[in-house]
Amino acid sequence: MLNLQYLRANPDEAVKLLAKKHFDSKKLIDEVISMDIMRRSTQAELDLLLSQSNKISKEIGQLFAQGKQEDAAEKRKESVRLRDDARMLENKLKSYEDKMYQLLVLLPNVPHDSVPDGKTPEDNVTVRAGGSMPSLPEHAKSHWELAAQYDIIDFEIGNKVTGSGFPFYKGKGAKLQRALISFFLDHAIAKGYVEYQPPLLVNGETAFATGQLPDKDGQMYFVSDDKYYLIPTAEVPVTNVYRDVMLKEEQLPVKMTAYSQCFRREAGSYGKDVRGLNRLHQFDKVEIVRIDHPDRSYDVLEEMVIHVEELINKLELPYRILKLCGGDMSFASALTYDFEVFCAAQKKWLEVSSVSNFETFQSNRMKLRFKDRDGKIQLAHTLNGSALALPRIVASLLENNQAADGIKMPSALIPYTGWNKID
RNA sequence: GGAGAGAUGGCAGAGCGGUCUAAUGCGGCGGUCUUGAAAACCGUUGUCCUUCACGGGACCGGGGGUUCGAAUCCCUCUCUCUCCGCCA
Numbered sequence: 004m005l006n007l008q009y010l011r012a013n014p015d016e017a018v019k020l021l022a023k024k025h026f027d028s029k030k031l032i033d034e035v036i037s038m039d040i041m042r043r044s045t046q047a048e049l050d051l052l053l054s055q056s057n058k059i060s061k062e063i064g065q066l067f068a069q070g071k072q073e074d075a076a077e078k079r080k081e082s083v084r085l086r087d088d089a090r091m092l093e094n095k096l097k098s099y100e101d102k103m104y105q106l107l108v109l110l111p112n113v114p115h116d117s118v119p120d121g122k123t124p125e126d127n128v129t130v131r132a133g134g135s136m137p138s139l140p141e142h143a144k145s146h147w148e149l150a151a152q153y154d155i156i157d158f159e160i161g162n163k164v165t166g167s168g169f170p171f172y173k174g175k176g177a178k179l180q181r182a183l184i185s186f187f188l189d190h191a192i193a194k195g196y197v198e199y200q201p202p203l204l205v206n207g208e209t210a211f212a213t214g215q216l217p218d219k220d221g222q223m224y225f226v227s228d229d230k231y232y233l234i235p236t237a238e239v240p241v242t243n244v245y246r247d248v249m250l251k252e253e254q255l256p257v258k259m260t261a262y263s264q265c266f267r268r269e270a271g272s273y274g275k276d277v278r279g280l281n282r283l284h285q286f287d288k289v290e291i292v293r294i295d296h297p298d299r300s301y302d303v304l305e306e307m308v309i310h311v312e313e314l315i316n317k318l319e320l321p322y323r324i325l326k327l328c329g330g331d332m333s334f335a336s337a338l339t340y341d342f343e344v345f346c347a348a349q350k351k352w353l354e355v356s357s358v359s360n361f362e363t364f365q366s367n368r369m370k371l372r373f374k375d376r377d378g379k380i381q382l383a384h385t386l387n388g389s390a391l392a393l394p395r396i397v398a399s400l401l402e403n404n405q406a407a408d409g410i411k412m413p414s415a416l417i418p419y420t421g422w423n424k425i426d
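So the first sequence is numbered by our numbering: it starts at 4 and just counts up by one.
Source of the hints: derived by calculation from the structure; they are not laboratory data.
Don't take every hint at face value.
PhoX-like, lysine-lysine: derived pairs with alpha carbons at most 25 angstroms apart [what the hints assert, rightly or not]:
1) K230 x K370
2) K374 x K251
3) K351 x K326
4) K19 x K29
5) K58 x K78
6) K379 x K178
7) K30 x K219
8) K58 x K29
9) K317 x K258
10) K411 x K178
11) K350 x K219
12) K97 x K370
13) K173 x K163
14) K351 x K122
15) K317 x K350
16) K122 x K219
17) K251 x K379
18) K95 x K19
19) K374 x K219
20) K173 x K424
21) K173 x K411
22) K317 x K144
23) K424 x K351
24) K95 x K80
Produce the complete structure using the sequences and hints provided.
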């Protein structure tokens, strides 16, 4: 949620910046500001009435104590009148506040200055690339063909047991999942992140705080009996650990990592992109989450990019890092880097990580603040990134490393798998 | 699922219709004392809205009600704890 003080002070700037996200905010922001003006004047009016009423109530108490019943009765009438007026104003105030809030949460975060212009993924800017492209023979197999050949992932059984997008991992395929998870977590732990194992279901308040609601309502699985959402990413529960928390500056940075399964309905995305592991309804991911000082957050973002890059390098996969253009960025983000790895058989770049700085957008919603060294209260910045999402990493490992005698594992993974080849 | 108890400031815990602008203790911060520290003593100690400021208002789990006046009474929701049942 955008900061009200910011909008009040820089409405034109906000409109201009949001245009970069191809979001037309002029009308919305005007309305927010006019609601805010009405809210404040109503508040002032109400406070005055309440102040008078409080005073009279005290006087009535004193008059009773002195036995002056009649004077008290007189005052009582006056007080009733004040309270009635106050009640009306209270309702008015509440309706202004509610309206303002409802509008405010519809506004996406403003993009950082460095965000490139553009509307579609084609407009994203490649920051750098690394790793080397494998040279595969003409008849190279897709990962779903390889998965079937080595019997390590079963899409059909998943289909039978649940539905499409819910595969079974099996044998070395299952072990590979565990290996990747441990490898990713160990890397994060070595960098000072504290491991969490979060709940996979969260309540509405939590989903709202990190920005999934109201924006992505319908993209999350919802358990209607209990009104819980299945998490689309560990970011949601993990960031919410610090909802309504006041930190001390010395407690920063907060570094958390978590493995979780992630659930996404992916409503409306059908087509050839959904083959195999390319797009699933349930997948595994290790997430890193960071809460830090506003002065440092962009350095931290770069640090997190390096973190992810190290992982991909250790997996020996060809990758590129993209800075997302305004039109391709998420609702809550101020700046996002996407990581894509190349799947050599499909000849496709697939997104495996997204690292974002949300600045105060999430912390404002969830009242995540810290007291700085001067005792001043500030909103903290939140950041997170996938490090990494498994399915497309697996797809890329299978496709890129295929050979006649099996699929070779990168050496970094062997301590975790216990074997060096899927055959 | 059944029965009961409870939710108060960073924590513990009193208050159960009118100086509650919430006692007291612990913790935190500042100070005195000390070579330094501890102890002791003194002072201080939340958040939000509003105001240039002085000030004003709100907040005792959430919401609603009674009353001139609610932490205190009533209704309701949520959550926690204890016991029983069921159970990985």
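Okay, the hints, checked on the actual structure:
Proximity of K230 to K370 is assessed by CA-CA distance (about 23 angstroms); at most 25 angstroms being required, the pair is judged to hold. Among the hinted pairs, K374 with K251 is consistent with the structure: their alpha-carbon atoms are about 5 angstroms apart, no more than 25 angstroms. Restraint check for K351 and K326: satisfied, since their Cα atoms lie roughly 18 angstroms apart, inside the 25 angstroms limit. Straight-line distance between C-alpha atoms of K19 and K29 comes to about 9 angstroms, which keeps the hinted pair within the 25 angstroms bound.
A distance of roughly 11 angstroms separates the Cα atoms of K58 and K78; the hinted pair therefore holds under the 25 angstroms criterion. Taking the CA atoms of K379 and K178, the gap is near 50 angstroms; set against the 25 angstroms cutoff, the hint is violated. Annotation: proposed proximity of K30 to K219 holds, straight-line Cα distance about 22 angstroms (limit 25 angstroms). Our distance criterion of 25 angstroms between C-alpha atoms is broken by K58 and K29, whose separation comes to about 44 angstroms.
Between K317 and K258 the alpha-carbon distance is near 22 angstroms, which keeps this suggested pair within the 25 angstroms criterion. Of the pairs offered as hints, the one joining K411 and K178 holds, with about 15 angstroms between alpha carbons and a cut-off of 25 angstroms not exceeded. Restraint check: the Cα-Cα separation between K350 and K219 comes to about 30 angstroms, which exceeds 25 angstroms; the hinted pair is violated. Restraint check for K97 and K370: satisfied, since their Cα atoms lie roughly 20 angstroms apart, inside the 25 angstroms limit.
A C-alpha spacing of about 16 angstroms is found between K173 and K163, which places the hinted pair at or below 25 angstroms, so the restraint holds. Between K351 and K122 the CA atoms are separated by roughly 21 angstroms; this keeps the pair inside 25 angstroms, and the hint holds. For a cut-off of 25 angstroms, the pair hint linking K317 to K350 stands: about 21 angstroms separates their Cα positions. Distance hint between K122 and K219 is fulfilled; the C-alpha atoms sit about 19 angstroms from each other, no more than 25 angstroms.
Between K251 and K379 the alpha-carbon distance is near 10 angstroms, which keeps this suggested pair within the 25 angstroms criterion. Taking the CA atoms of K95 and K19, the gap is about 32 angstroms. The hint is violated against a cut of 25 angstroms. Distance check on the hinted pair: K374 and K219 sit about 32 angstroms apart at the alpha-carbon level, beyond 25 angstroms; violated. As the CA atoms of K173 and K424 are separated by approximately 15 angstroms, the hinted pair is consistent with the 25 angstroms bound.
Distance hint between K173 and K411 is fulfilled; the C-alpha atoms sit about 18 angstroms from each other, no more than 25 angstroms. In summary, the hint linking K317 to K144 is supported, as the alpha carbons are separated by about 23 angstroms, within the 25 angstroms threshold. For the hint linking K424 to K351, the alpha-carbon distance of about 24 angstroms falls within 25 angstroms, and the restraint holds. For the given pair, K95 sits about 23 angstroms from K80 by alpha-carbon distance, which is consistent with the 25 angstroms threshold.
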